[in-house]
Amino acid sequence: MPAYATNMRMKFPIVALALEIVTIILFAVFVVYDDGKRTKPKHGHEHEKPSNETRPELIRFELYPMFQDVHVMIFIGFGFLMTFLKRYGFSSVGINLLLAAFGLQWGILMQGIWDMDGGKIKLNIFKIINADFSTATVLISFGAVLGKTSPVQLLIMTILEISIFSINEHLVAEILHANDVGASMIIHAYGAYFGLAVARVLYRPGLRNGHENDGSVYHSDLFAMIGTVFLWMFWPSFNSAIADPGFSQFHAVINTYLSLAACVLSAYAISSLVEHKGKLDMVHIQNATLAGGVAVGTCADMSIGPFGAMLIGLVAGIISTLGFKFLTPILASNLGIQDTCGVHNLHGMPGILGGLAGIVAVLKPFSLLYFRGTAAMQAAALASSLGFALVGGAVTGLIMRLPFWGQPPDQNCFDDSIYWEVPEEEEENEESLAHADHSKNKAEA
Amino acid sequence: MPAYATNMRMKFPIVALALEIVTIILFAVFVVYDDGKRTKPKHGHEHEKPSNETRPELIRFELYPMFQDVHVMIFIGFGFLMTFLKRYGFSSVGINLLLAAFGLQWGILMQGIWDMDGGKIKLNIFKIINADFSTATVLISFGAVLGKTSPVQLLIMTILEISIFSINEHLVAEILHANDVGASMIIHAYGAYFGLAVARVLYRPGLRNGHENDGSVYHSDLFAMIGTVFLWMFWPSFNSAIADPGFSQFHAVINTYLSLAACVLSAYAISSLVEHKGKLDMVHIQNATLAGGVAVGTCADMSIGPFGAMLIGLVAGIISTLGFKFLTPILASNLGIQDTCGVHNLHGMPGILGGLAGIVAVLKPFSLLYFRGTAAMQAAALASSLGFALVGGAVTGLIMRLPFWGQPPDQNCFDDSIYWEVPEEEEENEESLAHADHSKNKAEA
Amino acid sequence: MPAYATNMRMKFPIVALALEIVTIILFAVFVVYDDGKRTKPKHGHEHEKPSNETRPELIRFELYPMFQDVHVMIFIGFGFLMTFLKRYGFSSVGINLLLAAFGLQWGILMQGIWDMDGGKIKLNIFKIINADFSTATVLISFGAVLGKTSPVQLLIMTILEISIFSINEHLVAEILHANDVGASMIIHAYGAYFGLAVARVLYRPGLRNGHENDGSVYHSDLFAMIGTVFLWMFWPSFNSAIADPGFSQFHAVINTYLSLAACVLSAYAISSLVEHKGKLDMVHIQNATLAGGVAVGTCADMSIGPFGAMLIGLVAGIISTLGFKFLTPILASNLGIQDTCGVHNLHGMPGILGGLAGIVAVLKPFSLLYFRGTAAMQAAALASSLGFALVGGAVTGLIMRLPFWGQPPDQNCFDDSIYWEVPEEEEENEESLAHADHSKNKAEA
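Taken in sequence, the protein lines are chains A, B and C. Residues in the first sequence are numbered consecutively from 1, following UniProt numbering. Residues in the second sequence are numbered consecutively from 1, following UniProt numbering. Residues in the third sequence are numbered consecutively from 1, following UniProt numbering.
If you are wondering where the hints come from, they were derived from the structure by calculation, not from laboratory data. A quick note: this is a predicted structure, and the numbers were derived from the prediction, not measured. Hints should not be assumed to be uniformly reliable.
Label-pair ranges, simulated between beta-carbon atoms [said to hold, decoys possible]:
# : chain 1 : residue 1 : chain 2 : residue 2 : range
1 : C       : Ala18     : B       : Gly118    : 32 to 38 Å
2 : B       : Gly387    : C       : Arg401    : 57 to 63 Å
3 : C       : Ile113    : B       : Lys37     : 47 to 53 Å
4 : A       : Phe404    : B       : Glu212    : 50 to 56 Å
5 : B       : Ile330    : C       : Asp115    : 48 to 54 Å
6 : B       : Lys277    : C       : Val395    : 28 to 34 Å
7 : C       : Arg401    : B       : His177    : 44 to 50 Å
For every residue, glycine included, the Cβ atom is placed at its ideal position computed from N, Cα and C.
For reference, chain A alone in the conformation it holds in the complex (with noise of 0.2 Å):
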């Protein structure tokens, strides 16, 4: 079984220590410490002149608190929130620490590429918070193939939509002057249609009647629920934590804290509305309650109103639970796109609605004081960042498909054991399972 040699020896210590001498060595050329002096004037800014001066505050220390609530958000969150699966919590949490590891590594280097002082990237607070949201993306598009793919492949994965989110979010910024400063359109959107091309491309016919550990057991939903918690806990962390400081802050603290809040209440009713018997659904819970830090993204910083930020809480709950009970099944079976942890309806549908309300948002009055796009740039904005998931996912997931990179053959899916040792278990049934998958193992091997 060639095209499925999993054995990862060699192949994936070579890959992950090359690129992270690669890495090593274009730090010592290209990054060094903000030292607080700027020898060109910041881009708008041509009035400013450059000074020799050290100016501390450039380091954003203040924001240090935040930083750590998003590194919290990307390493506890996303790590545990995929821990659901039943046989797959190493490689959910494992793989996610090794991914955003070297993806914020990345992440400095494709987005200081942008923003260079004298040759150097200058590292400070803000870029490293930063550089934790580039990783996001690639940790939302890790939930759409979750189980399907090697970590060979998903540090192709890490490297490829870091490099393009840059791009995107470049022009999105600093061509188009759009507004997204919590990221839906350009980190949401952006990661989950990126993801779900991938995960179309890397299309497997032979889970499509499901597979036995595509599933949850009680104590793997308890554990996705620490992600989950941490998660809506620190979003307005991660929606405010690069605005601009005063008022534009503390509104995308408030309105992420109000959408959250009311976007619980309807994931939970429309979870028990659609499930048999009225009860309730753990996928819709630890999914959909986060789906209004998503949507209030791009406006979160706008003076949209207390209760503004509730009603697309409130939206957000809704279509993102209606899609896991209905659109997921659809995509699945009617477009090939096995989305494992449903991030269309996380992170897609409401990135998108993120974008919307931000169009709708700049033609407010209320919002003049924050303008900072039309909604031409606005539409833009959203237009740019799902045609560079679609087709930078696409082609990403066409390099994926390469026979050589260790994917999992369809039965070995969902399945730590192919990747880590795992131990095996006190109860005699559970051994013989275990033994039973060693032998399969060995058959195929």
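Based on the hints, put chains B and C in the right spot on chain A.
For chains B and C alone, coordinates are given in the frame of chain A:
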């Protein structure tokens, strides 16, 4: 079995959506972002002239990291603390999220009524910390009735408990001018006795001899420790978040930190002393180690001295552990108060201890500097909190006892599967249990 | 079996309560809140005049968010990292809480002795961060003897290890004027070699061939990842919390962040390289990914450059993973050092690497700005830390080996049920195991 129509379809979605929509309308009418202006002088500062000047410091953005600590206590702390039950983890962390997400919105309205400016509630970081606080009362009461109530019942409790809380809070702080910075009385004692009153009214004779699911398994006890440890670590933020900036806030941090540290030692010691063969009991460790945070609340910002804080923690750990061992069984068998989480031991008695410590502390010469209330006013605040709790809880219990809120029958208490889709387990023996359970449900339907 | 009287009744409660009461008395005599005044000039600033002026900035309240990050590392990080053992989770997170709660009180006293003002230890945020640090040494050593020691033994270790730590810390910082901002030497190397010396003295030949409970199960490995990820995320706070404000602190954050990121890649690569079929080993992922934080500690606040930090992390991840794979078994079989958590690989070798990196860094021209010590003094600091650790650990081990501290017999090692009430499991086969265990215990009594 019409009295126990646990099917939530329609009932729960309608209640949840209606509450959210009403709340959004109320927000649209009454709630605005704090703009840093005040059209009326702050209560007690009548000499202050209203001014149209913008004072950005009024939004209290410097409290944001403390707000996030409190947020973690509410959503991770309380949520996971209650996951100790073997088959009730979904409800513990999931319904906790639902109640807190709705409660904070309701709390903003109820607390805001007492502090409006130009007919508007001006939302800032200080206010969202207080909104989180108001939800804590509900989550404490939730612990008393955990496993025996439906989501609809609990939403009703949330509305009533927070509404009554805000009346008592206003009375204690603005009329009696009593000190309760860490809320031993107005949150912990209030929440506990409110919940115990509800539990008394909802007494279930059928659970007199226990219930097979009213207990923990190994892993559920570890999930609960996530809650315990986050509560323990961030309690200094809880007790100091709304203290006066400067030395008061600093004292609240140090006193809470030391009280909790001392409390751990006494809780462990007494747990070992009273248990079979000197073993430690997880229930004590999960709960009584936190009693020091509760008990030091009222006088956290006073100059009680580091050793004074430690003495309070030491005593709190002792009485809390003894309460779990000896008092909880008596309350259940003799008074008909079935207190699932033992909130009487964690929040009730330590809350009263905190209130009493506050009375003593204001008598002491060392507290002169921070004097805000007299001993009589402190005592009145404690009495008021207990009175509102017991009467409010009893009335709320009567409303919750109405037969159409979907409460579970005795045999389905402490079981997620009555309100949640629960995944089937891998192991055959657990599957057979699940099937038996399923057919049992069908038989009841 | 009088040498193994594991029944803790009386013994443990008396020790714990007596320690707490003595501590409270010492606090009453020696410890006060920092009032922002200083009656003596700060060490090394003899020109500073004592003044009665209140300087609120001396309480360092701006460090509070970093303190909370460190707090999370101590209580969640270390506590859950050790829950990887299948039947020792209660002890891991529970005894971790006990030792840290006592240790921080003891640390305040022991570290405070060296910095008294008017005969008093003035408690501020800086001091409670340092108190948390002092407990880290104990928790590292705890990892070496995890599963093989009683709570009473561990309380004794806490007292002795922190007392000796504070002497070494004073020597390194105030006499040698060596730099160790992130404590590679004085915490990590010290804690590891102290624990290894204790483990050597407590060598158990009966565990030479392993123990059935000395391993993980699937879910226990996921619990451990909670600890790993929180440690990983907040390590920049650990290494920068007590750095000089401004660029030093900023460099410490950036260097630690980058070192950890690089370390993840090398730990994953080497884990896959050395394991069967190229699979990843959870033990490596849980531990070696953190070695970068340890190793960059000593020179975290120096201008080693972003790529310098990454190189340190890369090397740390490699040697740590190789240590787990090849060195730990040799230490156990040839030297009689049974290191349960492999602290030699996570804290020992990376700590020495950090000390060596510090020696090199002070030689380099780029560190001139932040120069505090000479290479000789850095080397002396490393030697001092190792010397105090080995001698102190050996003496402490001898005291812990006295036969009346309730240490577990070999067959009950790595088993919570000897010191904890453990819930019976649902499944019949586990129940029968539990019964067997119970009767075994009875037979031994």
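Practice item. Could you check the structure against the hints above and give me the numbers of any it violates, in ascending order? Key: 1, 7
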